[in-house]
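Student: Going down the list, the sequences are from chains A and B.
For the first sequence, our numbering assigns the number 1 to the initial residue and increments by one for each residue that follows.
For the second sequence, our numbering assigns the number 1001 to the initial residue and increments by one for each residue that follows.
It should be emphasised that the hints constitute simulated quantities derived from the structure, not laboratory data.
Model, not experiment: these values are computed from the prediction.
Nothing false has been slipped in among the hints.
Straight-line alpha carbon distances no greater than 27 angstroms define the calculated BS3-like cross-link-like pairs of lysine-lysine that follow:
id, chain 1, residue 1, chain 2, residue 2
1, B, K1113, B, K1003
2, B, K1003, A, K44
3, B, K1038, A, K57
4, B, K1003, B, K1038
5, B, K1038, A, K44
6, A, K44, A, K14
7, A, K57, B, K1003
8, B, K1113, A, K44
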Amino acid sequence: NAGVTQTPKFRILKIGQSMTLQCTQDMNHNYMYWYRQDPGMGLKLIYYSVGAGITDKGEVPNGYNVSRSTTEDFPLRLELAAPSQTSVYFCATGESSYEQYFGPGTRLTVT
Amino acid sequence: AQKVTQAQTEISVVEKEDVTLDCVYETRDTTYYLFWYKQPPSGELVFLIRRNSFDEQNEISGRYSWNFQKSTSSFNFTITASQVVDSAVYFCALSERGNSGGYQKVTFGIGTKLQVIP
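If we strip away everything but chain A, and leave its shape as in the complex, we get (with noise of 0.2 angstroms):
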């Protein structure tokens, strides 16, 4: 099992591009989350979802977008990005109110 992949690894993008980070998970966990964590401080949420064809907003979800389609990918939309999205991303699965599986992580820089 894979577990939790996210790609790409890193990407810098210009600002005003769009993108977007893939997360796909293979333990058949409902819940999904996408985090973004910059420089020396926490996690923040950005969205989650607990099944298919259901999102919702978390924390800070401006400029992101998401969709669940399917149980297995959750990927995350920055339609034109800016340098305050420069962050480290990471995707994360569970059950409800058990612990959270993370993916590597995808550094993005927008310059």
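Starting from the known structure of chain A, fit chain B onto it as the hints suggest.
Tutor: For chain B alone, kept in the frame of chain A given last:
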């Protein structure tokens, strides 16, 4: 006010010393969950422990122990006889009920960076 406060941003200890990482949380829910995660220099996040709000028993796992006190809204983490491999950033997190049911409303503290000096 922060929902999860980790007041110690950085701690340095000499190997074999004991160290306690503090976590204070704030919630109006009566049912919630608390977690500790470890982030070593390699960057991945590793789950350490989960506690629900109704279980105030302290827990010990090897050199790790956790002290949950609802009366003071604290969930502190102690490493006994610290080792260099314990050097990492440790995050405390609070999970509350979200809009979609379940406990997806997760708030992390800013983390405590622990450096264990050989």
